[in-house]
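S.K.: All chains should be built: construct the whole structure from the sequences, respecting the hints.
Residue numbers (my numbering), protein chains in the order written: chain A, 546 to 1023; chain B, 34 to 337.
Just so you know, these hints were derived from the structure itself, not from any lab.
This one's a predicted model, so the numbers in the text were calculated from it and none came from an experiment.
Ideal Cβ positions, reconstructed from N, Cα and C, are used throughout, including at glycine.
Among these hints, one or two may not hold up.
Over the 10 Å line for every Cβ pair with chain A, so calculated as not near, a few chain B residues [claimed, not checked]:
id: 1; residue: Met-85
id: 2; residue: Trp-151
id: 3; residue: Lys-177
id: 4; residue: Asn-209
id: 5; residue: Arg-325
No farther apart than 30 Å at their CA atoms in a straight line, the calculated lysine-lysine pairs in the DSS-like style are these [claimed, not checked]:
id: 6; chain 1: B; residue 1: Lys-43; chain 2: A; residue 2: Lys-986
id: 7; chain 1: B; residue 1: Lys-245; chain 2: A; residue 2: Lys-958
id: 8; chain 1: B; residue 1: Lys-259; chain 2: B; residue 2: Lys-333
id: 9; chain 1: A; residue 1: Lys-958; chain 2: B; residue 2: Lys-162
id: 10; chain 1: A; residue 1: Lys-986; chain 2: B; residue 2: Lys-42
id: 11; chain 1: B; residue 1: Lys-42; chain 2: A; residue 2: Lys-726
id: 12; chain 1: B; residue 1: Lys-162; chain 2: B; residue 2: Lys-105
id: 13; chain 1: A; residue 1: Lys-733; chain 2: B; residue 2: Lys-43
id: 14; chain 1: B; residue 1: Lys-259; chain 2: A; residue 2: Lys-570
id: 15; chain 1: A; residue 1: Lys-958; chain 2: A; residue 2: Lys-726
id: 16; chain 1: A; residue 1: Lys-991; chain 2: B; residue 2: Lys-43
id: 17; chain 1: B; residue 1: Lys-36; chain 2: A; residue 2: Lys-986
id: 18; chain 1: A; residue 1: Lys-958; chain 2: B; residue 2: Lys-84
id: 19; chain 1: B; residue 1: Lys-36; chain 2: A; residue 2: Lys-726
id: 20; chain 1: A; residue 1: Lys-958; chain 2: B; residue 2: Lys-190
id: 21; chain 1: A; residue 1: Lys-570; chain 2: B; residue 2: Lys-43
id: 22; chain 1: B; residue 1: Lys-245; chain 2: A; residue 2: Lys-984
id: 23; chain 1: A; residue 1: Lys-958; chain 2: B; residue 2: Lys-201
id: 24; chain 1: A; residue 1: Lys-958; chain 2: B; residue 2: Lys-155
id: 25; chain 1: B; residue 1: Lys-87; chain 2: B; residue 2: Lys-177
id: 26; chain 1: B; residue 1: Lys-36; chain 2: A; residue 2: Lys-733
id: 27; chain 1: A; residue 1: Lys-986; chain 2: A; residue 2: Lys-733
id: 28; chain 1: A; residue 1: Lys-726; chain 2: B; residue 2: Lys-43
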Amino acid sequence: MQFTSFNFLIFFPSVILLYYILPQKFRWSFVLIISYYFYININPIYAFLLVGVTTSTYLFAILMEKTKSDKTRKWLLIADIILTLLPLFFFKYYNFVNQSVFDLLDYFGIRWPLPNLSLLLPIGISFYTFMALGYSIDVYNETIRAEKNFGIVALFTSFFPIVLSGPIERARNMFNQFRGKLTFNYDKAVSGLQLMLWGYFMKLVIADRVAIYVSTIFNNYEYHSGVSLLFATLLYPFQIYGDLGGYSLIAIGCANVMGIDIIPNFNRPFFATSMSEFWRRWHMSLIKWLTDYLYTPISFGLRRLNVWGIVIALLLTFLISGAWHGAALIYMIWGTFQGILLSIEALTNRRKVEFEKKYKLRSKSLYIIFSSVLTYALFAFSLLIAGAVESVSAAFAVIGKIFTNTQPLFINKTTLFYMLIGVGLLILSELRDEFFPEKFKLFQSKNIYIRWAAYMSVLFLILLIGVFNGGQFIYFKF
Amino acid sequence: MNKGKLFIKKLFVFIILLIILDFAIGSVLEHFYFSPKSKISGDNKLYYSLKMTKEDILVFGASTAIHGIIPKIIEDSVGMSCYNTGWNGTNIYFSNTILSSVLQRYAPKVVIFDMTAWELNKEDDDFDKLSELYPYYYTNKSVKEIIDFSGKYEKYKMLSKTYRYNSKLLYILTQNLRSGNTGVQGYEPIYGYWNLDLAEDTMSVEPYDSIKFSYFDKFVTHASEKGCRVIVVSPPVYREYIKDQYSRIEPYLKSKNVEFWNFRNDTSFLNHREYFYDYVHLNNAGAIYYTRQIASHLKKLPGA
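M.R.: Rendered as structure tokens:
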């Protein structure tokens, strides 16, 4: 069941109604049952994996807490990590590793073929695996107590708003809420519905509309001009932002309506003036996870190497981030590329800051705009190798054509017209939030007429120009 | 007041307001979509195709039809009136719905179906273009049938009057603001010519989708039963990159006594950039040449 499906339109209000009718003490158990119903609805067999990952995480966490010896605790953590990662590796990386090993052995004249498997990647596996791992590491680091109630751990890994595509939550944020009083909170419910509404706008009006143009161009890139390819390349980040950003808002909104807080996932990323700032604003829950559980331990371990320790940590973290996105060379290249960009920034940061200070550049809007545009363009081009087109060679063919072919732009008037409305409104809204957070309030206006007019306008824009057959969310495949 | 009760009360008022606004906005859109101006001038092509056509020859198909076949040339050559009902991005589901609506009113003498090589292949977005028909859901039986068939929740979605005009805002605006008809009897010319280099690739031949084929069969059988002469044409392409796609359809068409004119291998089109806007769509010059060939075939038909 997708957030954008008609089924969800019936499912969610029914769940909320029953949730608040039930006595408080049964609410978390009810959400657990509903979460499994939600997940089973996609593919029943994969729910066993979710149960497996949850059970091993639960047991190892308790064992780690009970064990006194540091050495044993370490081995328990390693065993837990291996067990938790096993399904993810099997479903996501088996074919990739199998093929790579085969190619390597074949190079040396050794042929030892194992069959490739044609299994569907269980939806959400990358997300709940990371959540489970985060919990285990937190217990190992003693930043959280092991949860004794299996149901609470099971709800954490399967919580239906976030199980499919995040945000990647932390046990310390969720357990207390699940154990606490899940009461109706008027303000939270209203803000949840507001987030859901804007999330639907981002997905249906922006992401799926931009997707029509972008996929027309990228799916037939051989037949399109360099100008069209450049335009599609620059539009693609809006598609991804609308897709995952929209999904995240709907997920956070759903949880808010139930009185549960979820960490934010995006913070107006296209206003970032450097790649490091960009990654503090984009897919924040994943980046925070990678920072806490990978980057920080690695850079701490390599602290003797000073700045080069940071560079190595950055490269490794983003290489793993690339691998998390997909088992293909394109994602590794994308991760490495991001790691290199961030490393360059880390190495030149001091001189950059001095230069900016000397010429007071941070107060010059032209410089800020230039930096934002450059960051956006770098991200847009990096996406070419991270899924926009089918392969690395296709990405290079696209880049080559962008610089060599000057044929006119492919124009689809209808798509461009609706896309302009959606993207334009998004930019205006983000501009307001970034630079005038206290002005021009619509959803947050104290005047009920303005507020309701804003709700209705967005709702009817969705009905009028939304794309209702745009397919599933992009991040389901991760 | 209890916060929960206040929330429910406000939600109730919001939903009532939403229903009222949906009806009001939907009605305004309906008014402009079906404005008298567009009905009379034929600017509303879909309305004209579904409810007003009376021509002897009707052309059906997708973008290759709309940009490839010029009714005026056929009229001048054959001496019968002609209209092109083609619609961008559509497929047999759409064409069959238009034909069914037409046949409820009258039977054209000739029905030309412009069939691309991938016409009967299964696509993810097979039913997407049916959204063009949403405004006719409650007034046209054939439209209602196909929309209900396209998804189990479609009939519930149709309850929203505004939703029926989803993605039609630009159309409504342009229809009501501009003067004159851009298309000529349904034909929409495109100018410019194809000048990109094509990589040497071929698309594999895919199996026909059984549901689509059954709709194609409905199209052919229904028209034939009503006494229409059915002609299937395969439009020319810049380069033939799907081989043998029609070999399976030809015996079927023969068994149905349907004319099949295949321009796909026509060397007067293959690799002739001057006739193409892109690798599958003819430009105006190509359309003139293509339509003249169709007209010449039409004239040779027994009893023409």
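S.K.: Against the structure shown, which of the earlier numbered hints fail to hold, in ascending order?
M.R.: Violated hints (numbers, rising): 14, 15 and 22; every other hint is consistent with the structure.
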